[in-house]
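**Student:** These are the residues of each chain, in order.
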Amino acid sequence: MIRNGILTITTFISVLLFPWPLSVLLAVATSFFEPLVPFAAGVFADTLYWAPQAGTLPVFTLYGLVLSIIAVFVRSRLSASIIGR
Amino acid sequence: MKKTFLAKRNALLSSASISWGTGALVFAALVLLVRLVAPNFFLQAFAPAFSVSNVIALKSHTFFNSFSDVAALAARNERLTEENSALASENQALLQKEASVNALIGASASQKTANPGILAGVVAHPPVSPYDTIVLSVGSSSGVMLGQEVFGEGGVPLGAVTSVTAEYSRATLFSSFGTVTHGWVKSADMPLNIFGAGGGAMSASLSRSAGVTVGDTVFAPGPGMLPIGTVVRIDSDPSAPGITLRIMPTMNPSSLTWVLLRDTGASFRSAFSLATSTL
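Protein chains in written order, with the numbering used here: chain V, 615 to 699; chain P, 129 to 407.
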């Protein structure tokens, strides 16, 4: 639980302070434990930096959502299987 | 007899069931709400963090560069120093020429400083701001308006102001993905549609017979011939009728610390796709 919290907070701090490739790596790593974090971090990144006038979609939100969906799917398959029992 | 204790739980919201991911999503939604409801307060709150992240990006770039070839870096540094000296002397010569021309035509001091522009500090720039937009430390209270053109050091056009709050504004750079700017390339005197490619780069398509070569300068509309970039590569597909120019900006958006905002007229505004949102 503490590990999840530390990873989540670190990802958000990274979105705020560090260049985006590092934040993406952290979000991917966190998704193994907290599947919603990539989507949340994507929304946060686009809230900070996306401008509607930039002429592009809020890609961080979209990619975060895709990553979260994949993470949820993978976790559900793993928990339904006999692996880990 | 053992007493069974059943904890009373809210079916919709239980502190035990809230994961870090859910909490993070709620936090992100709240920050989004603040940006939508109070964009000026939002930028006030996050401006210090943007400044810190700019410093971190600069320091990390310096750190990673230190692993590069030292001899090559020293040679490049020497070459850039020489170029800088040459440009400084050229600048001085042009200033003297301007002064003599002004003296000849009798332009007054007020005419010379009729449109000095608004000096703005850059709060966030790429790579911190990954969409090739910059956040500026001046807003409508300082006279900033939508559509004003953004100039870097040496009068290099960078983009346009696309949203304004009371104390802050956002400018979209020419290199922002999806942005289309009308310009021209000098050697061929050909008009171009310059497309932002993201990451500070731009591209344009042109007829194969235009005669554009690597190193040609690309210009944008504004007061005079204003270079916005240089052709660094030409992609030519034999099956396509045209060529694609890869354009690097004259000024690196990652090194911006201040810019000048000027209203250059309707011609520029029409040449740059603008929205009116205050986001």
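Simulated from the structure, these hints should not be mistaken for lab results. Remember, it's a predicted structure, so these values are computed and weren't measured experimentally. Each hint should be verified, as a subset may be incorrect.
Derived Cβ-Cβ restraints for the label pairs, each shown as a range [what the hints assert, rightly or not]:
1. V:Val673 <-> P:Ala203: 35 to 41 Å
2. P:Val308 <-> V:Ser690: 24 to 30 Å
3. P:Leu164 <-> V:Leu679: 31 to 37 Å
4. P:Pro244 <-> V:Phe646: 23 to 29 Å
5. P:Asn380 <-> V:Ile616: 40 to 46 Å
6. P:Asn168 <-> V:Leu671: 50 to 56 Å
7. P:Leu232 <-> V:Leu671: 17 to 23 Å
8. V:Phe646 <-> P:Arg336: 48 to 54 Å
9. V:Ser690 <-> P:Ala368: 43 to 49 Å
10. V:Leu671 <-> P:Val154: 36 to 42 Å
11. V:Val673 <-> P:Val162: 17 to 23 Å
12. P:Gly282 <-> V:Pro635: 27 to 33 Å
Each residue gets a CB set at the ideal place from its N, CA and C atoms; glycine is no exception.
**Student:** Does the Cβ distance between Pro244 of chain P and Phe646 of chain V fall inside 23 to 29 Å?
**Tutor:** violated, 55 Å
**Student:** Please check whether Asn380 of chain P and Ile616 of chain V have a Cβ separation lying inside 40 to 46 Å.
**Tutor:** holds, 41 Å
**Student:** Using the beta carbons of Gly282 of chain P and Pro635 of chain V, state whether their distance is inside 27 to 33 Å or not.
**Tutor:** Holds, at about 30 Å.
**Student:** Using the C-beta atoms of Asn168 of chain P and Leu671 of chain V, is the stated range 50 to 56 Å upheld?
**Tutor:** Because 25 Å falls outside the window, the suggested range is violated.
**Student:** In this structure, is the beta-carbon distance linking Leu671 of chain V and Val154 of chain P contained in 36 to 42 Å?
**Tutor:** violated, 23 Å
**Student:** Go ahead and decide if the range 48 to 54 Å is satisfied by the Cβ distance of Phe646 of chain V to Arg336 of chain P.
**Tutor:** Because 50 Å falls inside the window, the suggested range holds.
**Student:** A range of 24 to 30 Å was offered for this pair. Does it hold for the Cβ distance of Val308 of chain P and Ser690 of chain V?
**Tutor:** For Val308 of chain P and Ser690 of chain V the Cβ distance comes to about 43 Å; the hint is violated.
**Student:** Can you let me know if the beta-carbon spacing of Val673 of chain V and Ala203 of chain P is within 35 to 41 Å?
**Tutor:** Distance hint for Val673 of chain V, Ala203 of chain P holds at roughly 38 Å.
**Student:** For the pair Leu164 of chain P and Leu679 of chain V, does the Cβ-Cβ distance stay inside 31 to 37 Å?
**Tutor:** violated, 19 Å
**Student:** Quick check on a hinted range of 17 to 23 Å for Leu232 of chain P and Leu671 of chain V, using CB atoms only.
**Tutor:** violated, 54 Å
**Student:** Taking the beta carbons of Val673 of chain V and Val162 of chain P, is their distance inside 17 to 23 Å?
**Tutor:** This hint holds: roughly 22 Å between Cβ atoms.
**Student:** For the pair Ser690 of chain V and Ala368 of chain P, does the Cβ-Cβ distance stay inside 43 to 49 Å?
**Tutor:** Between Ser690 of chain V and Ala368 of chain P, where Cβ atoms are some 46 Å apart, the hint holds.
Of the numbered hints stated above, those contradicted by the structure are hints 2, 3, 4, 6, 7, 10, listed in ascending order.
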